[in-house]
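Chain by chain, the residues:
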Amino acid sequence: MPALRLWLVLLTLAGATAWGAAALALWQTTVPGDLNLPQFDPAQYLSGAEIERATDYQRFLGINALLAALAQLVALGIFAARGARFARESAAGRIGTGMLLGMLALAFVWIAQFPFALAATWWQRRYDISDLGYLDWAIGYWMQAGGKFLFISLALLLVMALAGRWPRGWWLGAAPALVVIMGMLAFTTPYLMSELKPLRDEGVAADAQRLAEAQGVSDTPVFVEDTLGLTSAPNAGAAGLGPSERVIVWDNLLERFERSETEIVLAHELAHLSRGHIAKKIAWLALLAIPIAFIAQRTTRSRGGLGDPAAVPLAVFVVTAMLLVALPLQNAFSQRLESEADWVALEQTRDPDATTSLFQGFVDRGLAAPDRSWWQELAIGTHPSIMRRIAMAEAWRERNPP
Amino acid sequence: MDSRPAPSAAPAPTGLPARVLVDDDLRRSRLTVFFRFFLALPHLVFLALWSVMAVLIAGFNWFAILFTGRAVAHDLQARYVRYFAHVVAYLNLAANPFPGFAGEPGYAVDVEVAPGDRQSRLKTAFRLVLAIPALLLASMFGPSLGSGYFTLIAAAAFLAWFAALALGRMPQGLRDLIAYANGYLAQAGAYTLLLTDRYPSSDPLAARYGAPAPEHPVTITAEGSELRRSRLTVFFRFFLALPHLVWAFLWSIAVWLAVAANWFVTLARGRPAAPLHRFTARFLRYWIHLTAYLYLVANPFPGFAGRPGSYPINVSLPEPGRQSRWMTAFRAILAIPAMIVWSALANALGLVALLGWFTGVFAGRMPVGLRNLGVFALRYQAQFGAYLLLLTDRYPYSGPSLELPREREASKPG
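In order, the protein sequences belong to chains F and X.
Take 1 as the starting number for the first sequence in the numbering used here and just add one per residue.
Take 1001 as the starting number for the second sequence in the numbering used here and just add one per residue.
It should be emphasised that the hints constitute simulated quantities derived from the structure, not laboratory data.
One or more of the hints may lead you astray.
What the hints assert, rightly or not - SDA-like cross-link-like pairs, simulated, lysine to any residue; straight-line CA separation at most 20 Å:
#  : chain 1 : residue 1 : chain 2 : residue 2
1  : F       : LYS197    : F       : SER232
2  : X       : LYS1123   : X       : PHE1362
3  : F       : LYS148    : X       : TRP1247
4  : F       : LYS148    : X       : ALA1048
5  : F       : LYS197    : F       : LYS148
6  : F       : LYS148    : X       : LEU1245
7  : F       : LYS148    : X       : PHE1362
8  : F       : LYS148    : X       : VAL1246
9  : F       : LYS148    : X       : PHE1249
10 : F       : LYS281    : F       : LEU329
11 : F       : LYS148    : X       : PHE1235
12 : F       : LYS148    : X       : LEU1294
What the hints assert, rightly or not - Which bits of chain X does chain F cover? Going by a derived footprint, with three or more residues having C-beta under 8 Å, they are:
#  : stretch
13 : 1226-1239
14 : 1242-1250
15 : 1304-1312
Predicted model, so just to flag it, every value in this text is computed and none were measured.
Note that the Cβ used here is the ideal one computed from N, Cα and C, for glycine as well.
From just these sequences and the hints, can you work out the full model?
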């Protein structure tokens, strides 16, 4: 018996070490470790009115997001306590009932967060960031639920199948299952995006091709998303895995920014693909999933374990709470990837002036936060603040004198 | 748990605005069928004139009921509703004799109109608003002229015209379907024209059909079906069904391959391969469960395997048996008339879901009439599916009377 315990301790230690090593490996980026970002006063780059307007705008959204998260937690707490009774609404078996309860948990969250989402839309319209009508917004908000419902039902299908077979050890299989689901989602999402148009501006297309070749992702297509009548905030993104990888640029960015600034954006988004950031994010989530699934396994034992659908409401609550607790860590990881993409863009374009001007434009035209308070950084800081991004451009300039 | 009776056991609901009665021997004169529309023209002209008068009287009655609680000229308005039903039945081949112009009772497809009792002033004040759901449903049932889709009556009459010309008889299922829809139109008319404040019911079991429906190997029962609905699951019903829709799509790919293989097997052997038959039957049962859930005909989340007896809406499907090779060879073509009926019933089922969504979310219940209409549509879908997927060579029965308890229907006069 003591020998078994010793083996268990050793295995746990080995697992924890492997976990730590994997997390450390994912944490590494190509941003120089000795890069010290200088501190700047936002007033050096932005007018007082711009700073005040963007800060006011972001403060409300930050508070709203925190309240929405709190409402989510309360809704799931109530559902954890009373949600199992909805099992009577199912004629499906064990897993089917679990899927229903998982989807109903999201339904509770949808209802609880509705006022906050509405408030955010109202605020965005007030600051002319969103041009979306309330009816269109409501339809869009309603439709968003569909993807989430599908995701949780698929996740519960896998997890409950594992938990039925291995009631105590299913949590070890949760991470690979999550990787499979997230990988499938990441792969298929670009194909589900409708109304994307090909990039017609020949100059920008040539820039994109040159940048992609230089980063070793030469076949990456670039699409344009029509945002006219929806929002004035500029944006772009990288999506997909393997053959489905692509860059999507919003048309308001192409229309309202200089070509040199657009080039920075393209280089940044291509860097997400060339540095494998999407796969890294999935891997990071899978790492987080291991302790979270372990905690879920321990906490749901009182309800018969996750093999029993009655435990699903509690499991959803626990997992959501854990994800909220881990949010600062998640945001820190996301910021590292964004910083790396910024750095790659700077190295490739060698244009800190355009970089600085781009980020000034994000504040002026998109009301991005020039700086954030600590709680905003923890709660909604998926990207570095604008001043930190400008500081990186200045740090790059210092290292690379003309 | 609601204990309202399920279709297979329910007595006909009482308290309806009007009730259809069928006393028809199904024989049709080919000559009058061929020229039916033209023969009905005098009636259509007279009906149009009488309709104007009926609307004017209804307008007057609106004030009369608000002041006195009672309508005037009830008998005249009841005659109008009856006459309307007679003309619809004649025009659409549900009845054979040329009807009279006075709306006298005793026609082959007739309606009983509720007596002229006192009416609620509140319900009268808002009658037109309250009538909207009933009128919406009536628009799915009534004769369609250029509406772009088949209503129940239009689909049935279109098919019946060919059948009656060829056979000299009206198919019983189509006759009963038209009679049922006609009965609902009469109910909606009686309610909207202020003859009564009883609300129309779309329950197919409320009508009195002439003869019991023939036996069919594909049946549906709703023994365990309740009328209570979970507001939360109704509100999110479409999204909750999404995993099922994905699964059904994947399963259906395999099913179509199985059906294609079974088509060859049935042509060669005169009977389907048992494993393929069972596989397809499982899918069809599952599909009915899923449709029942998605369209709010049933409340619980269904299982993913289509097991018999696992859902309140239970489908009974035949074991593999001999099938006509000719009917197998041309199954896809032969299924076209059934598909026309199904398309009309599918429209009605869509409206059942829409109206059921509102009552489910706000009242936490499904009206029994809507539920039973949904069960009828699902039964037809099951029979159509079984025919198309080669589970049986028995043609779908389009009459709504199949769900009536046989002993009760058989005991009726006429």
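These are the hints, each one checked on the structure:
1. F:LYS197 with F:SER232: holds (18 Å)
2. X:LYS1123 with X:PHE1362: Since the Cα atoms of LYS1123 (chain X) and PHE1362 (chain X) sit roughly 19 Å apart, the hinted pair holds (cutoff 20 Å).
3. F:LYS148 with X:TRP1247: Between LYS148 (chain F) and TRP1247 (chain X) the Cα gap is close to 16 Å, so the pair holds against 20 Å.
4. F:LYS148 with X:ALA1048: Violated, at roughly 54 Å.
5. F:LYS197 with F:LYS148: violated (26 Å)
6. F:LYS148 with X:LEU1245: With Cα atoms ~15 Å apart, LYS148 (chain F) and LEU1245 (chain X) stay inside 20 Å; holds.
7. F:LYS148 with X:PHE1362: With a Cα-Cα distance of about 25 Å, the restraint between LYS148 (chain F) and PHE1362 (chain X) is violated, given a limit of 20 Å.
8. F:LYS148 with X:VAL1246: holds (14 Å)
9. F:LYS148 with X:PHE1249: holds (19 Å)
10. F:LYS281 with F:LEU329: It holds: about 12 Å lies between the C-alpha atoms, which stays within 20 Å.
11. F:LYS148 with X:PHE1235: holds (16 Å)
12. F:LYS148 with X:LEU1294: holds (18 Å)
13. 1226-1239: With 7 residues close enough to chain F, the hint holds.
14. 1242-1250: holds (count 3)
15. 1304-1312: With 5 residues in contact (Cβ-Cβ under 8 Å with chain F), the coverage given for the stretch 1304-1312 of chain X holds.
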